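Participant: Residues per chain are reported as follows:
Protein chains: 4
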Amino acid sequence: MTALRYDEVRETTEALAAPLSAEDQTVQSMPDASPTTWHRAHTTWFFETLVLNGRLPGYEPFDPAYAYLFNSYYETLGARHPRPHRGLVTRPGVAEVGDYRRSVDKAMGELLERREDPALCGLVELGLNHEQQHQELLLMDIKHLLSFNPLHPVYSPDGLLDGPGAALAPAAGGWRAHPGGVVAMGVDNADERFAFDSEYPRHQALVEGFEVATRLVTGGQWLDFMSDGGYRRPELWMSDGWATVQSLDWQAPMYWEQLDGRWHSFTLAGLHPVDPLDAVCHLSWYEADAFARWAGARLPTEAEWETAAAEPPEAGGADPEGWFGRVWQWTASAYSPYPGFRPSAGALGEYNGKFMVNQQVLRGSSSATSSGHARRTYRNFFPPSARWAFAGLRLCRDAS
Amino acid sequence: MTALRYDEVRETTEALAAPLSAEDQTVQSMPDASPTTWHRAHTTWFFETLVLNGRLPGYEPFDPAYAYLFNSYYETLGARHPRPHRGLVTRPGVAEVGDYRRSVDKAMGELLERREDPALCGLVELGLNHEQQHQELLLMDIKHLLSFNPLHPVYSPDGLLDGPGAALAPAAGGWRAHPGGVVAMGVDNADERFAFDSEYPRHQALVEGFEVATRLVTGGQWLDFMSDGGYRRPELWMSDGWATVQSLDWQAPMYWEQLDGRWHSFTLAGLHPVDPLDAVCHLSWYEADAFARWAGARLPTEAEWETAAAEPPEAGGADPEGWFGRVWQWTASAYSPYPGFRPSAGALGEYNGKFMVNQQVLRGSSSATSSGHARRTYRNFFPPSARWAFAGLRLCRDAS
Amino acid sequence: MTALRYDEVRETTEALAAPLSAEDQTVQSMPDASPTTWHRAHTTWFFETLVLNGRLPGYEPFDPAYAYLFNSYYETLGARHPRPHRGLVTRPGVAEVGDYRRSVDKAMGELLERREDPALCGLVELGLNHEQQHQELLLMDIKHLLSFNPLHPVYSPDGLLDGPGAALAPAAGGWRAHPGGVVAMGVDNADERFAFDSEYPRHQALVEGFEVATRLVTGGQWLDFMSDGGYRRPELWMSDGWATVQSLDWQAPMYWEQLDGRWHSFTLAGLHPVDPLDAVCHLSWYEADAFARWAGARLPTEAEWETAAAEPPEAGGADPEGWFGRVWQWTASAYSPYPGFRPSAGALGEYNGKFMVNQQVLRGSSSATSSGHARRTYRNFFPPSARWAFAGLRLCRDAS
Amino acid sequence: MTALRYDEVRETTEALAAPLSAEDQTVQSMPDASPTTWHRAHTTWFFETLVLNGRLPGYEPFDPAYAYLFNSYYETLGARHPRPHRGLVTRPGVAEVGDYRRSVDKAMGELLERREDPALCGLVELGLNHEQQHQELLLMDIKHLLSFNPLHPVYSPDGLLDGPGAALAPAAGGWRAHPGGVVAMGVDNADERFAFDSEYPRHQALVEGFEVATRLVTGGQWLDFMSDGGYRRPELWMSDGWATVQSLDWQAPMYWEQLDGRWHSFTLAGLHPVDPLDAVCHLSWYEADAFARWAGARLPTEAEWETAAAEPPEAGGADPEGWFGRVWQWTASAYSPYPGFRPSAGALGEYNGKFMVNQQVLRGSSSATSSGHARRTYRNFFPPSARWAFAGLRLCRDAS
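Chains as they are written, first to last, in my numbering: chain B, 1 to 400; chain U, 401 to 800; chain G, 801 to 1200; chain P, 1201 to 1600.
Everything labelled a hint here was simulated from the structure, so no lab data went into it. Possibly wrong hints are sitting among the right ones.
[To be verified] Calculated Cβ distances over 12 angstroms to all of chain U for the following chain G residues:
| id | residue |
| --- | --- |
| 1 | E811 |
| 2 | E823 |
| 3 | Y866 |
| 4 | P882 |
| 5 | A907 |
| 6 | R914 |
| 7 | E916 |
| 8 | L945 |
| 9 | P957 |
| 10 | S1039 |
| 11 | Y1055 |
| 12 | Q1058 |
| 13 | E1114 |
| 14 | F1181 |
[To be verified] Taking lysine to aspartate or glutamate and the EDC-like style, the derived pairs with C-alpha atoms no more than 16 angstroms apart in a straight line are:
| id | chain 1 | residue 1 | chain 2 | residue 2 |
| --- | --- | --- | --- | --- |
| 15 | U | K754 | B | E311 |
| 16 | U | K754 | B | E113 |
| 17 | U | K754 | U | D597 |
Because the structure is a prediction, the values reported are computed rather than measured. Heads up, the beta-carbon is just placed ideally off N, CA and C, and yes, glycines get one too.
Produce the complete structure using the sequences and hints provided.
Facilitator: Structure follows, in structure tokens:
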């Protein structure tokens, strides 16, 4: 079963890269983004370095230099190529990275057939979840790159991952009340399903009564915010947010531009008019927070969000309030360790723990999130100024 | 009573400025710091703009230009002089600002005598607490400025505010256990004592069992951390912290320098050898966090800190565990609104609320904190990279 | 004679500082500028380090730390305080620097009385010319500082050094032809008058026939340039100049601002309407060059300028074409060594030679230049983007 | 004849790009460099915009968007894609740019067959010389890009353009004297051979007696300079040069790195030990100037260089002093207009004139210069800090 799932996830990455030319796959559009080839190679490096090495007898690294080139941020695993220089590596290229992937996949196939190591399954599952994270990053990063092209290139015309209707928000827009009290959140150690270390341990939290919006904030609501001077009124913004609005001259969400007097949004399916019924996307936390203040509401805390959400539906199942599969939802919570948090041992301890400052948590998932990757306890995070994630918001307010 | 207290607080500011020459009072050493004259003028502007204007019949502003020059960050009150340019204003100078202070004090005296407005008392109290905050900022900022002088100038030789022994830590160093449970924190609306809006409302929090150190981390412990490679081991640091260590080449706390092979610290009383028994001071949150990890412990959360601390002692009273009056103590908590937080109305709503992102909370008080200004519920905050506050740490750990 | 002149020059510096408060004298408004106290101390350091030390028997430095604090850029003389930190030194202050000056002046008096060293006279003359350069820098720098004050403070109301009429340009505006040929330029070694090493040796240059404007470009002409889109037309500008115009949003000369629809200029005598008959001032080389192109002319080369100019008139003498005492005049020439240039020996070799790249030459002198300091061969220089010098231009063109 | 030459030059560009993958051709390694595809497209745009448009009846631009994408710096020709963003355009890619080249070449073929316009020949010749300049830039830029790859990739193993022996300097190293006097330099209007506008007009200059080195400075000499502390002795450097050495931590020429205790140089033929007999290359003007001072000599002026050099030899001819085909040679001269310089009319006037400030002139040619492109009057230029050109130096000194 793991072997099947392994193949499926690995193939998904290559399928996401398939519409991209060698040129597209090579360029790094900002220090926070990575080239497609890098994502393809780094996810492979993860299996080679953290799974194959020392587990598959006689395994020799595909190329010893790759350990340096494709380490992302694991200090424990030695020196690494500087992140802002990822786009300066043109060799190995698209084809050589394809060879690398096939070679590691073959070795992984052998290892998985042996079924010797009981810890192997968890480690592979981590590698696959890691790769799924990079699948969404690959889409974020390629969208960012293509957005600089004045010709508005199209990644995929079908728009399923990102395009008109991909983040359609429910039409109804009311509030749902929750009485508050002591709630449980996070993942239990006994739970068999995969979760990242940051989601552990299951613990209790105190929540006061609150009401949560039953739909995501839409493009139409955002146009209202803009018409009402949302980007020009300092009283709506955090101090750092207002400084950012002014220094970067923000006047609309990322990827929005005006064409013939009408707002359009650049998507992976090209440039399209903003759909007032789609969930608004590509917001920073600063913008989400300012909008909520303007609307007389606020962002939910992580505990509120997790309490109010259900689990993501099975494929084809209903999610009438849009908690998953449209846009990530910024929360009011800074990314901090849960009480009793223990980072994983060794290099894997660097996976989440060392980012637990200067970041805000997002919950849910987006239309670009890999299938089967979402869950109610999932903690995504970005700095409050980041806009290139597929991120929007859902409102919350104190119980009246 | 208020009039007496008003005079006392206002005179304290002038007493703090008294050892400083006109030259000292004028310079701004970094964008985050302000000149002494600016502190003296801005605290006066606060009373003029937010108390006198519209309350004292016939009051005319001392100089209409000052409303622009000495507004700090109140967007609601109009345009203001850019913060990094505060040190470029040499007129009004030290003497003119003295005149400004006296003029406003005279008008405030008249207003306080009238005792007409029941809301006046709270507003004046806010102004005085605001001024006390600036008293400590004045000391932080002047220390920062003087530290650039290669001649190591002395602000005050007695060292009471900052110098050898000012932050003496208790000799004993054990742990005190707390069972956890639902605890109350924050300030009740019915409480008569002054508190900032960020400390409201009183609310419940869930705390798991924990143990808190009964003394502050000392200079001696910090020397051990340094000897053990603390500033060279990435695994001890948050990712952003490690990047900061490398880009700014941090090798010791701020103001430490080596002289003849021995670590010294620049203080307001001049350059002195690091005292291993003093609480270590001038740390960033990144350093405090890394030290705690090195020590096999962690920083306390706000809730833990507030649960474990007592109220500050009366003058001369005992505080054997050093919760107040030595160094501010970094907590694990990001600065966020309490559940049910409501910012004050009008311009005062900008006092705290708009800073509730990208900051970490500090608790307690320092040797440079104004007398009577500390309390158990007080929430101080700085960005995690800031080092020029009088900040150290106290360790905490999960119940064993 | 030297002693008299020594006193006169030294007293002039103090007279220039006299209208300035301690606050004014302390602040550094940009890395390229220096505080008044620094100018006062550095010119004193020059005499102490390069004249007194080793020449006056038994002379002890006033304060050994000053050698570090007040060295400007002489690598040969050891480490020095970083230039951008000059404004962070508040002690020694205005009074202590006065003491320093008096102490060195006293020692210099003794040394001058001895008349022992034949080389002394030339060295003292260099020190006095050095101090005169700093007198003009002091005025440039204090103007720059005061210009940041929104209250438009006045340095001196009489406006003789800088203010309405200080740079009055002759009314007539024709061209004067020169036939060209081999001309001599620079200073002869046999010349007894003082000159800087960069003005040596006297040498021949080939000049083609040219015509030079008989007056300086005026504020009125500059307003015409602005009306004609001068700051918005890239074809008029050097590539680097146009990039600077755009990045710094230049729309007028430095210190110009619009008030009630009319252009004003901030001067040492306060804010005054632009006088269309005054020579335009505070231009970068980029602006001077663009204006010349707009006017169908060009800047003169150094050789052309020196050929066309007369010597500066005695005090009260006539200079109907305004070559001296109004504004420095940008030339087309990059600052380069003359053929056969030999830098002075020792530390003094750093005086000029090491700046002979990335700088353009200015000729003449300004209303802020010290009396007696100008001469026809004088080579002033600044980077092409610098605007805070008292610099304007005179047009030139090829012979028709 | 022109058609033949057109094809030859255009094919050379494609031959230079041939060893490069699509990945290599796409990346921009710094704002000053451009991707290979951009060079291939921009040189084509030049013919399309400045030759074909309006001359070949019925010619339609290949793609109207290319006028914006591939304009380099011609303000006269409208808005253009920002230079630092050239590496963010992945579509059109390598193949589409090939189509563009073929399409324009076909149209150019038609135009050249018509032989109607007498001015056409000069314009095409300009376009071809422009393309030859970009051929060397393409090599400079691709070397810069590949140098970031820790795997030291090889562009071409034969090393003819850049590699061991490509810049072999003559073994002999004496001085050749020139008596000085009035010399002629620049290009005569009557000259039939192509030259850039900056080389006009032919004019006279005065040169004092001088001696020029009969060989280029070698790698061996540079190693001596380094051993003697060349990069650590401020007295050898211009002030701006020394600041650059310190801020960028220069310790050797660009592309040099130590391997097993021996200096190697990264070349287009891979990493090779520094050959002490090769001309040293990849120097900034600051380094060349400092070396000359260290050697008790100086850089030649443009007039000296042009006076001392012969014309480049025919293919296979002898150039025993190495004036051409090894390394460009920095001169002492800032890049300025010659007396009587007139920029070309229209957009072509932007070709050279607007760069005549902040640049130093280089003379000669390098091993990477296109065949037939060099001449004695050629004026190449770069800012004094630029190192990625194939630039070295030849010494000069005053007549003894």
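Participant: With reference to the structure, classify each hint as holding or not holding.
Facilitator: The hints, checked one at a time:
no., hint, result
1, E811, "holds, 23 angstroms"
2, E823, "violated, 4 angstroms"
3, Y866, "violated, 10 angstroms"
4, P882, "violated, 10 angstroms"
5, A907, "holds, 22 angstroms"
6, R914, "holds, 33 angstroms"
7, E916, "holds, 35 angstroms"
8, L945, "violated, 6 angstroms"
9, P957, "holds, 15 angstroms"
10, S1039, "holds, 30 angstroms"
11, Y1055, "holds, 15 angstroms"
12, Q1058, "holds, 17 angstroms"
13, E1114, "holds, 38 angstroms"
14, F1181, "holds, 27 angstroms"
15, U:K754 / B:E311, "violated, 34 angstroms"
16, U:K754 / B:E113, "violated, 57 angstroms"
17, U:K754 / U:D597, "holds, 12 angstroms"
Going through the hint list in order, the structure does not satisfy hints 2, 3, 4, 8, 15 and 16.
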